[in-house]
Each structure stands twice: as C-alpha cells, then as structure tokens.
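Protein chains in written order, with my numbering: chain A, 8 to 328; chain B, 8 to 328; chain C, 8 to 328; chain D, 8 to 328.
If you are wondering where the hints come from, they were derived from the structure by calculation, not from laboratory data.
Note that the structure is predicted; figures quoted are calculated from it, not measured.
Each hint should be verified, as a subset may be incorrect.
All copies of an identical chain are treated as equivalent in the list; a pair is satisfied when it fits inside any one copy or across any two copies.
Claimed, not checked - In the SDA-like style, the derived pairs of lysine to any residue whose C-alpha atoms are separated by at most 25 Å in a straight line are: (1) K200 to R305; (2) K200 to Q167; (3) K200 to A225; (4) K200 to M8; (5) K257 to T323; (6) K200 to A80; (7) K257 to D313; (8) K257 to A314; (9) K257 to G228; (10) K200 to R13; (11) K200 to R60; (12) K200 to G146; (13) K200 to G40; (14) K200 to E106; (15) K257 to R238; (16) K200 to A85; (17) K257 to A52; (18) K257 to V47; (19) K200 to T132; (20) K257 to P242; (21) K257 to S133; (22) K200 to D300; (23) K257 to D300; (24) K200 to Y135; (25) K200 to R238.
Here is how the chains run, residue by residue.
4 protein chains.
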Amino acid sequence: MLITLRPDADVVAVEAALKGLGLWTTRLRDADGAARGLRVEPHSAPAALATLRALPGVADVWRAPSPHPRVDAQAGAAVPLPGGAPLLVAGPCSVESPEQAHAAAALAAAAGATALRGGAFKPRTSPYAFDGHGRAALGWLRAAADAHDLAVVTEVLGEQHVDAVAAVADVLQVGSRNMQNFALLRAVGAAGKPVLLKRGMAATVEEWLLAGEHLLTAGAGTVVFCERGVRGFDPETRNLLDLGAVALLKHAYRQPVLVDPSHAAGRRDLVVPLAAAALAAGADGVIIEVHPDPGAARSDGPQALDAAALVALTATLEAHR
Amino acid sequence: MLITLRPDADVVAVEAALKGLGLWTTRLRDADGAARGLRVEPHSAPAALATLRALPGVADVWRAPSPHPRVDAQAGAAVPLPGGAPLLVAGPCSVESPEQAHAAAALAAAAGATALRGGAFKPRTSPYAFDGHGRAALGWLRAAADAHDLAVVTEVLGEQHVDAVAAVADVLQVGSRNMQNFALLRAVGAAGKPVLLKRGMAATVEEWLLAGEHLLTAGAGTVVFCERGVRGFDPETRNLLDLGAVALLKHAYRQPVLVDPSHAAGRRDLVVPLAAAALAAGADGVIIEVHPDPGAARSDGPQALDAAALVALTATLEAHR
Amino acid sequence: MLITLRPDADVVAVEAALKGLGLWTTRLRDADGAARGLRVEPHSAPAALATLRALPGVADVWRAPSPHPRVDAQAGAAVPLPGGAPLLVAGPCSVESPEQAHAAAALAAAAGATALRGGAFKPRTSPYAFDGHGRAALGWLRAAADAHDLAVVTEVLGEQHVDAVAAVADVLQVGSRNMQNFALLRAVGAAGKPVLLKRGMAATVEEWLLAGEHLLTAGAGTVVFCERGVRGFDPETRNLLDLGAVALLKHAYRQPVLVDPSHAAGRRDLVVPLAAAALAAGADGVIIEVHPDPGAARSDGPQALDAAALVALTATLEAHR
Amino acid sequence: MLITLRPDADVVAVEAALKGLGLWTTRLRDADGAARGLRVEPHSAPAALATLRALPGVADVWRAPSPHPRVDAQAGAAVPLPGGAPLLVAGPCSVESPEQAHAAAALAAAAGATALRGGAFKPRTSPYAFDGHGRAALGWLRAAADAHDLAVVTEVLGEQHVDAVAAVADVLQVGSRNMQNFALLRAVGAAGKPVLLKRGMAATVEEWLLAGEHLLTAGAGTVVFCERGVRGFDPETRNLLDLGAVALLKHAYRQPVLVDPSHAAGRRDLVVPLAAAALAAGADGVIIEVHPDPGAARSDGPQALDAAALVALTATLEAHR
C-alpha cells in the first residue's frame, strides 16, 4: 500500500497522523528528491481507506487488490461444527481399532468435545512407520462419533481417497505437508464440504490464505484455518506455535480459526497452557490429541492427553465460555 | 538423557511406559545389534528421575548435569516488582521529555501498572535514528515514576552506563541485541540488582537460560526472562511471538517470565489479544508500550497503545486476577 | 550416537581423541555421578565405527540404525542424465508453446545442457495464476528436447498425471511443496523412473532423505536430491540457499545432488555466482531457468537467464570440467 | 522502490520490460481502479535509474534514499589485509599459550595465510567455559604473527578492551553476538582501524549493513563483512551458511566480504568445500580455524583443521588465484 502526497503536504504531519493510526511508513522520493509517497509496511494495523484518503495532505491511496477475494468474502464465518465457541475437537492421532475409537470418542465427549478427530490415513516421515488402517478406519471413526453424537474431522492424504473421506467426514482436513499440494486442494474443494486447512511448516499467512482461496475456488464449503506450529530452531518444543498469526487471522482477517497445540508443542505438559493461550489470542477452538492409553498409541503417544490431563483442559474451555 | 536397559528388559514395554509418561525416545543398539539404551528427545515432558529408574527393565538414567544451576536455583521466584500477578509494566518506547514521561506514567498507573518502562538509552538499527536522551532521561523517568508510585524498569546499553542506570532503576533491562553481550552481562550482574533479560532474536531457550546464568554468576538479583518474539519470516507481524517458550520457562523451568507483545507483533491491533495469550500461557505479566500521543512518539509510535486502547488491556488483566 | 566408557577410562583423554577426529561430545553421568557415556552431537564429522571402538577407554558405540537404508545403498550413484559432471539442466519455468520450447531447448543446448527442464503442470501459490498447458505441453517439451538431443526433466503435480509425465520424461521431478506428499511419492516411485526430489521449504536433511526413502521403497530409480533454498528471513533474496546441506549430502552421504540457484536467489544477477558456489560445494550439476525472452515469460521471468547471461554460466561450468 | 506510470502507459508492456531487466513487480491501483504504479520487490536485480526512467510508459521512479550512505561509499574497497585475493586468515579459536600461538602461526603461514586470527577474549555461551587468556594472549598473538610476517585479526568483546586490542590488531573483529551491540560498535569505530564485522545470528542484510554504517559513522576504517552462518533448523550443521547474502554483498553492494566456513558448518569434513563455495560466490577470502593439535584445543577443536586438512584448503585457494 502506498499513500501518495499532495504537493503542498506537510509530510511530517501526515506521518504523525499515520503513526497515530498504527501505520509504519517509509518515505519515497521522486527524481527531484521530493517526498511523493509513504510506503506502508505490512506489519501495520488495518485502517479504513476512507480515513486515510481524508487525511490532510494525502492525495490518494494506491493498493494491490486482495489476492484472495473468496477468503475475504467468508470473513465473519463461524467454524462449521456443532456447539458454541470455544470448540473442542478431540481424538487420537491414529484410529487404531473400533474399540480404541470408541474409547477415545467417549473421552472426547466427556471432555466437552463436539467433534472427533482421528487419522485413518496418516502422513509419516518414514515409509516404515504405521500409516493408518485406511478405509476400514473411516468406518470405525464414524461409528464411534455417532455413538457419542460427535461430528467427524479427518485428514485426506491423496486425491484417490477424497470420496471415501467425504462420505464419512463432516469436515475434511488437509495437513501441513499438503498445504500447497494443489492437486489435492482441487480434489478436496470439489467435494463441496467444509475444510480444515493446516498451515504449512514455513508458510506465510498470505500463502496460507491463498491455499484457502484454492479450496474455495474449487468449491469447498467454509475453510477453517488451523495453526499447528511452524518450523522453529529450539529442540525443546517440537514446533513453534505462532499465535501472532492466529490473532492476525481472527482480528484482522476475521477468519474461522482453530489451533492444534498438541503438534505445536509436542509436549503433553504444555498442551493445556497453549490451548488456553490460543483461545485468548482469538482462536474459535482447539483440536487436541487424546488417547485412552497414550502408552499404547501407535503414533504421537507422548503428546496425547489421557483422561486425567483432560480435566484441566475442560476447565480451561469452561473459563472461556 | 539416556535410559539404559537391563539385559532382560522388554524394550517395547519400557517404550510404552515412557510414552505414557510423555517421553519421546529412540532406540540405541550396541555392536551386536542389541537395544541397550533409549535416547530421550529434548521435546519430552519432564519426568522424575526416581520414577524413570523404578520402571521395570530400566537399568539407569544417564544425564548431563544442568548447565545453569544458578538459574535452576531461582525456580519458583516471583518477579521482583510490586503488585500481584498478572503484572503490568507500561511506558513509552523512549523517554522524550519530563512532560511526556509524566503523562505516560499517569496513563500506566491508570491502567493498573505497578512499574514504568521507558528508554533513556535506545538501541537503534540505524546510526541516524534518535537514540534517547541518555542520563537526563533517567532522571525524568524516575521522577515520573515516583509521582505515580511506580517502580522503574529501563535498559542498559553499555558497560559505562551501568552505574547511572542502576542508580535509578529497580530492574535493569538487557535488550535482545545484547542477550549474549557477555561484557555487559557481567557489568550488569555486578550491580547486584534484578534484571529483565530479553530473549535474543534467534536464541534457543538453553542459550537464554545460560545468559541468565552469566548474570547470576556475576551477582545479579533475580533474573526475569522476557519473551519479545524471535525472527520470523512473515512480513505481517514484526516478530514471531514464541509462547511455547513462555510455557516451557514457566511450567517446566518455573522461572519468572514477562512477555512483551508490543515488540512481538509490532501491531497495535494485536497487542491486547497477544497480552491475553501470554498470560494464559503462564507469563507473570506483560510489558507494554504506551504513549499519551502515539502520533508524536519519536520511536515505535505505531505499536504504542493510547488511553483508549489501554481500556481493553486493563480489562484483560482484570480477568486474570 | 553414544560412546560408552570403560570404568577405568581417562574421560578427558577420550574426549580429546574424539575432538581430534572432529566429534562434538557431551558427557552423560549415571546415578552416582560417574561419567559413563559421551553423547555425539549431530553436527560432528563422520568417523569409522571401528576407529571409535578401538580408542583406549571406549567400551562400545551405541547407535540408532539408519532410518533410510535404501538411500544409503545408492551412495556413490551418478545423476542418471547424459553427460559428465558438472551437469547442466536448463529450460523455461513454464512450457508456453511449441516455439518457445524449441527456442529454449536451442538455448539450453548451446549453453552445454544435456537435459531440458520445463513445467507442463505448474504449482502456483495463487489459484488465479497461469498453471501450465498440461498434457499438451508435455508433447511440446519432448519434441523440443529430441530436436536438440536433450533428456527431459519435468514436474509431476498430481497422482493422476504420473503416467502421462512418465511417458515423456527421463527424470520425474517432485517439487518442494510436494516433498512430503506421500501419496504422490508412492505414485511417482511406482513409475520406476529416476526422480529429482526438491527439498521442502523447511525440511531437515533427514526428512529429505526419508522422502527419498519413500520413493525408493515405492520402486523409483535413482533419487537425485535438489537443493533450491529454504525459507529465509531476508527479503533481498527469494529463498536461502543451503550449500551446507549440499556439501553434507555429497561429502557425508555421497548422494547425487543438483542445485537450483534460480529459485534460491530469485535474482538473475546472482544465479551464476551461486551456480559456481554450488559446484564448488560438491553438487553434480545445476538446474537453471532460461528463457529466450524473459520479458515475455508467463512465470518467473525476472529470474530466467537469457542468451547473454548464459555465456557466463557456460564459462563457469567449463572451469569445473 | 515504486515505478509510477504515465496515464497512457501500456502496463503489460512496462511489466514485460521490467521482467526483462530482472525486476519482480506488483501493480498498485488508485481509488478508481487504475494501475498507477508498480511496486518493485526487494529480491529484484539492480537496475540503473536512468534505464528505468527511460522506459516507455514510465513516469518516474520513487525511492527511499539508501539508509547506509557511508557503506555505499566504500563500494569497491579491498579487504585491508596483505596479499591478493583470495585471502586466507587462519588461526586457532582461542590463543592458549605462546607456544600454541607460534605453532598455529606457522601452520597458517605454511598454508598461505597472510593474517593470523585467534581469540584472546572469547564469547562463551556458558559462564563456566574457558573465555580466553585476555590481555596476555594479545601479546602472544602479536609475537606469533610477527614471527611469521602475518597481520593480526582478533575480536573485541567489551568497550573497556578496545584500546588494548587496537594496540596489537591490524583488524578488529566484532563477533556475531555483538553485531548490534551499539555501544561496542561506537567504541570500536572510534579506534579508527579496519573492522571485521560478523553477521548476527538472524540479521537481515540491511541490518548488517546498518551495523557497518554505525562503525563507519564512529570513525572505523574499512568495514569488512564476514558471513558465518545464520541460525538454521537442521541439527547436522551447526549454522546455515548463507552464500546468497555473500553474493549479494559482493555483486550488488560491492563490499569487501570474508566467509567463515568453520563456524558455519561446525564440521571439519565440510570446511574445505564450503570455503571453495564461498570463494565461488564472490568472497574475497576465508577465515578458518586451524590448530596444531585439535584434540588439545580448549574451544572449537572439532571444527579446527590440522596440518593434513590444510593441504586441501591450500589447493582450493590456489585454484582461485
């Protein structure tokens, strides 16, 4: 964004007015050295165009049109899941058996969840790791959710599974590693259902919004943005949870936002405080890994909450209602 | 940390028990291919050594001693400022005049602050930017604080100013850019006062704790760790606020922690939600840039809160009491 | 890796010997405080196990088995493209027309390339950007390559296009955004051809090698690792070229490695020096965007080299022969 | 930078012309939706202002003045050390004794170095680590250098040591951790000598140039920029060597540049290939840690080169002459 100046503008006064509105600016000078425009830095607070154009000394405001009009159009949308904010989506990393799915659904429901998460298809860094029970697990997940009156959120890993997942899920999840898998975004969007779009490991907010635009262009229902931590450099946490991005998405872009503190921290001891922080930053809810017996989990056991740990989470959510 | 196994250990069972305790492990094998130890990854939940050593199949636990015993010894310490948690430290980026300092102190006190912040010596990326009024400003800051019954937190930029700053400040601040300026840490520590130690732009938590150890070794009072965002890659926020590190410092290391959401976001519109998130993550309080007239500020005006914006902050703090 | 110590070991002497071999270590102590092991940090130089086990005072070396045995087994493999090192793979970002493909192939061949690159299917951050001419472009690319006796390297974006791409390409490319698109890796691997695997935006070297393991497990021919810059924080270069990773892959893992300096820098003025640097670091060759008329390019024109700029590149490659 | 358009401009043609010159641009529109300007992205190739202003359809070019005029004014300066490019500065991490300094100087000289490096004052992450022999070591370093006809480069850690270091050093080094220690920059600059300025762990190129501007403003002789790796996320290399920044500094800013591959990789096995890569990217020389007996080194032994390893380095340097 560029604020152009009238020839007679008092530049210092315009800069002060913009500073007062929360805008960081840099002066641009023409060939003669005259200050002609003020470049607005991207980490500025939003301001109404009419307000800016009405400032004494301002000639006009030049802007690039938003690259994601469909995302902008869903501003103010709610997360398309039952229950009021803050929402809890909970469940195991992997769906391991009908029994485990039922036990996890019972845990989730008891903790106040309105939706069950769980992976039938699992992305795994190693080709030798357990990658889910696939289509069978989709059925177990749906049955467990129905038995406890929960909606289902589950990940699609490949284009050829979109139909199968869409047949059981209320919300289709696209994982971090696929945030810019455009073939998958197109296929998932075409299913016409709401989508939970996790942020890529090093995606800027604009890249993330544009991935949402891909989904909406392809026909998706509401796109819910889910922060789960970006690649950091500190070994004591698994990822670096970016709640500034969450605040930005909610307060500046007014998008539906969930946060996954389980993957962000990778540490069971930090899941509840980070869930509380996410809600305070503006998230509409949290998505949490829970397991009836974390020691027996086939993936992500160390970060899963058990029944005891869920008590603190439930109390946190209650405090935000 | 390494968990060594008895020759007859059921390795899978030991791994399950550790997973149940929140520990991520990797098997280490000896020359004959036998599993002899389980390396514990650094993003594991803390566990009592006695618990680990008592697990069936576990022979011993081998560890590196903590590299920061003095920091560990202050676990549980309170932030050495008046008032109960959550604390509010507020004030202008730069101390610009006696009048501005008084107006800012009045604002801070009205918002519930118990300490006044403000820079007499300012680190500036450019040598041509305003870098503070120096020793004179220290006097203005102290007088303004005294008039409103506030403590003073202010930054020391150079070894030769330690005495002057220590003469007026209740807590000496070491800035991000000086977190590993060991000559300064030694000089500041020798003043024997509490220190607010901001995290370096790309410092790991361990490097930060070790900088605290430098201060304590040199004689500092309580070291308070202050997160202010690390270097990120997204241009829409000025820095990347790492509340996972805050949760870690508070819940795992039990250190006194403040958070500076003003520098983290660099955006006035996100300061209050990020302050709320910081408290939820476990911070003992927040340090906020406020200015009676942000448009007139000589530095950081766009991120400073004015009287109107402070109302929301005060409400947030009240909700946490 | 952990080096265990004999009860009578002179720990300082063992540490000195390891330091002499280029290993960074940390002492681990047992419940009684005795030093029992030396943890080897991952940024250590490689050392023969037999050498380590033969050091006075060393009891054994405990290790995790390599997680990527198939990648390890291709150590020493050449890049499966015609011509000797250093290789040049060159061509346009997008295949725009039969004429453009021919002109680009002529440029590439004249510059010394033995393979033509060019996108028929293009990943685009925005859904509104040109995303390639698809299947038609594959034919144009093959014809242009054949006319100049060049091999073809081109990207596969979706599982449903693997067969079509495999029918024309000598080497299938998996892009950065799909490095952990495991469904695609499986489908591409099943085609049984060599694969050029670009590094993900924030992938560790181990995650990258494991993505190669996914390909090899699925049946791929030689996997060639291609560094193209990771997400950085400096706006003056588009990405941060990690030649340390290139040196590591070549000198420690002995893998076939190409480097893409065009995407790394995003700047035409830096492509040639970074190509030279890549070869010096150990790359087997470079992959470069060229265009007969960069001003007319439908994507990445500003970073494409034209005929004039290719002269310097050719000279650089000659100097390395 | 902003390129403003004439009312009758053919915007597509202007964009094509800029693309042809290597510029990435984004269209800015006024209140009526008309394209009025093209914002130039910072990762564009440099272009002469006169060329841009002469393009059909271009009205003017608006720019922010360079924030570092004194750095710009030293464009084209040579590294102020004896000998021609490529330069080798070599020596131990710490100066440990007169004997070690002499042996290291002999090694360095034999390898073709014209300057000896070595720390008398050492920054150490832990307060319990060896931090150098201080003033005594300065004398040992000078004597060893003189005996082998070498210049001396050594680090200043604190303001109070500037005079002592300036008395023996030909070039004063400011370390990464102090790149934005403005009190030290001022004191070091005031000594009026050339300065080797290492890049901060997460400093942008502009912040680094501005730190150089601080030095020059304070009176420094030539400022030499030294890249030594930024904070990365991969544990197999100690830091992430940014040769894109080196190419940028040399080819776009025309500054004197050295590279320190020893700290970048932290791995002895990668020092020589990364030194070669640095020279190919445009560096004027390299600064390397060497030690007569790395196993006995009191700091950084695992990354130091010994006599045998130096042979390959010398050959690399010869190839660049």
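**Item:** Structure-inconsistent hints, enumerated in ascending order
**Value:** Numbers 1, 4, 10, 11, 13, 14, 22, 23 and 25, in rising order.
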